[in-house]
Structures are given as structure tokens and as C-alpha cells.
Amino acid sequence: MTSPIIRFNNVTKRFGDFVVLDQFDFEVAQGEKVTSIGPSGSGKSTVLRILMTLEPFQEGALTIADISYHQPDGRGRFRASDHHLRQIRTNVGMVFQSFNLFPHMTVLRNVVEAPMAVLGLRRAEAECRAVELLRLVGLSDKKDHYPSQLSGGQQQRVAIARALAMRPRVLLFDEPTSALDPQLVGEVLGVIRGLAQEHDLTMLLVTHEMRFAREVSDRVCFFDKGRIVEQGPPDQIFSTPSQPRTREFLNSVLPG
Amino acid sequence: MIYGFAYDTSSTLAYALSILPILGIGLIVTIEAALVGFGIALVLGLVWCLLRRSRFTALSWTIAAIVEFIRDTPLLVQLFFLYYVLPDYGVTLPAFLTGALALGLQYSAYTSEVYRGGFDAVPRGQWEAATALNLTRYQVYRDIVVPQAIPRILPSMGNYAVSMLKETPVLSVVTVLDMLNLANMIGDRTFEYLVPLSLVGLIFPIMTTLCSFGIHALERALPKAGLALR
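So the sequence lines, in the order shown, correspond to chains A and B. Under our numbering, the residue at position 88 of the first sequence is numbered 132, and the numbers go up by one with no gaps. Under our numbering, the residue at position 173 of the second sequence is numbered 358, and the numbers go up by one with no gaps.
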């Protein structure tokens, strides 16, 4: 077993007085597909946002792809340098709840932007990679459209292609279907399901789609009040949860 | 005679027609001053705005203070200062450049606020997506934020452009031969001020109206979602 690609060590994150993550320990192995479930405000999205370096934290340490990341408070003399943060981001990609495509760029341009600007790919190379990824998400015919011309499901699939174009080792999904009309959820989950077959790609998913979580995850973590209350293989968590809080939560979200 | 054009005071119409070419030359100076001044305001305003958003608090506060000071000082005082005081310290600029610089400096305080509003209006999710894709801060501004801010800031920038155009006659007090200054000179020589000053008073609204039309056309032509710069 190789060393974990993600390791939270005693990480505490507060918003003012509110403790979002409470001495949080968490490890993810390379290639593992981990789903976080739990009530809103339980800290599951914050874990992803800290990994993406979008949020600072106040205590503890974090290792991502062997790069250690100490950022108590995220400012002052302990602030991680831009150079350091950018090294971490090289390994991590993120898909957002609200897609966040760049509205002034075509679909193709959205996907080639970062490979060209950050990785220094030439346009031909970047477009070649983008076209391939757009085919993967089933949107080859939309490459010259603008995001506003696409449905939410299509926009989210473009966002997935855009994140993949940077070839991250860890891909984070922050409630990727929560902003979608019910009939569009399936197409996005289909694409994520396909990615879950990728052996090397580490995936962290925050979702309310319980059936989907059960199907694609190697491990499911139940979050409550800034801690992981219970974790394990999906069948165990969904069929025989050991903690009362997990049972309570699952009863409230699962029909029947 | 000014610029080789003689004045014909035989009738009001003849007088107006005879001095029009002189005012035309002044008009070119007026437009040039407005263009150079606004160019300076656009660039300097962006610089102020970006420095104010710096994470170095000391720098950000210093810039904020400077911009506030510029905004709170009358244009005329700044103009006199640049024109009469700077030469004492070895900086001598031609009158036209001094004037354009003063206009640009004053308006840069306004445009920096317009930029700030425009940048703040770009949703947080755009910054986060760009950061997640590992773009540098410079690239985020260049490729994501500025292009989306352009359609949002254009109407306010247009207002300031028109407003600056109307303020250019101030430059006549430091000897810039703009339209107003020439109209005065004509009056001084013919002892007839009504026609030249009326003409100046007419030409300004025509210019500002044209300018407004141009800005509206530009607003309509720009894609609402933003203008990809590259």
C-alpha cells in the first residue's frame, strides 16, 4: 500500500466562532473514490474547499500528493506562498455545484484556457485534448456554443471536461448535481460514473444522491458537526449503520 | 488674424462662418486633450484599483489615501500645482501635457471606483473556478475578471468620458489653446464675444451627444457575458 494521497492531520477550521472542522483526521488512498454525506453545515464541502486551497484553516496540517501544507489562519507570516499553493493545485481539480463556467468563452475555450495559460500547451495541442474530453462527456457538437446556450446538465459536463483537461490526480466534486433540474441529474451522474472506472484518479464527492454514492464509492463518510461520525464501505454504511446519528440522517433522506 | 484666418464682422453669420475654422483647430485640441486625458484615467484608474486590492495592507491603504486625496482636491488646484509648482522641482511639461495629465489624474480617482465595482460584480464562483484551474492572479484578471467586467463598467466609463470632455475648457487657464481659449482670443480682438462663445456653447452639446451615441452603440455591440480579450 502506497502512502495516502491526501492526509488531514488534526485540522481545525473555524468561521468566526463556528467550528466547521474539529480536529479533523482523514486519509484518502491514491485512486480511491470517497463520498461524503451528511447534513448541510457538517463540514463536508469545506474539506473539498480546503483541499482546493480556496479556504484557509487555523490549526493542523495537510498533505496532498506528498506536498505538505501548513496554513494556520492563511495569513501573516504562516501564509503559504503563491508558489506553494500553485504546486498543490497542480494535483487537484474541482467541479462546483454552480458549474462556474466562464460565460464569455465558448465551450472549447473554457476547456483550453487553463491548459494553455498554466501548462503552456500550444493551441493545437490543447484543442486536441479538449475535443477528446468533450467527446468523453458527450458534448463534441457543442464546442462552439456559449455556456448560456447550454442546459445545466450540459454545463456541468463541460465543467468536468474543463477540470479533467488539467489532468489532476485528485478530482473534487462539490454537490455536482444539486443545482440541476431532476431530469438533468442522470446525464451528469453518468459522466461521473464513467470517471469512477479510472483506476488512478482519486475522487472525492460530496452529494445528496444516496443511490449514486452507494454505487460508485469505495468508501462513504458520514459527516456531522465537523467530524466524520462513521465511515466504511457503502453497503455497510447504508445497510447496517452503527451510529444512531447516521441512521437518523439516512432515514430522513432515504425514501421508505 | 488667428492661425491665418481673418474675421469678417460684416454680419453675424459671416462672423460665425469666418471664425469657425479657428474654433475647429481649437476643437481638435479639445478632443485630443479629452482623449489623452481619458486614456491616462483608464490606465491609471486600473493601476489604482489593482494596487488597492493588493494583499499588502500597507500598500493598499497608502493607495486608498492617495486616491481619496486626488478625488477630494479641485481639478483647478491640481492643474495649477502641476503647471506652476512642478517646474520649481525641475519637471517642466508642455501646457497641453500638463492639462491632459491633470484631467487624467483627477478622473483616475473616479475610474478606479468604476473598476472596483465592475470587478466586485464578477461572481465569486468565477474567481474560485479560475483559482481551481491554477491560473495566476494576473491571468485571472486578464482572462476572466476584466473581460467580464468590461460590459458592466462601460456605461459608467462612458459617463465619465462625456463629463471629462466638458471639463477640458479648464485647460485654457494654463494657456492651452483649446476651443474656449481661442473663442476668448477672438472676442478680445473683435470686442464681440457673443458669437464665439455661443458657438463654443453649441459645439459642446453636439460633441457630447455624439459621444453618448457612440457609447450606447458600443454597449449594444458588446456581448453581455463579457469580451474575451485574446
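Derived by calculation from the structure, the hints in this document are not laboratory data. Ideal Cβ positions, reconstructed from N, Cα and C, are used throughout, including at glycine. Wrong hints could be hidden among the right ones.
Unchecked claim - If you want a taste of the chain A side facing chain B, the calculated C-beta under 10 Å gives, among others:
(1) Q102
(2) V136
(3) T150
(4) P159
(5) H252
Unchecked claim - Computed far set for chain A versus chain B, every beta-carbon distance over 10 Å:
(6) S142
(7) E157
(8) L177
Stated by the list, open to error - Quick look at which bits of chain A chain B covers, simulated, 3 or more residues with Cβ under 8 Å:
(9) 126-135
(10) 239-249
(11) 263-274
Violating hint indices (sorted, rising): Hints 1, 5, 6, 7, 10 and 11 contradicted; others consistent.
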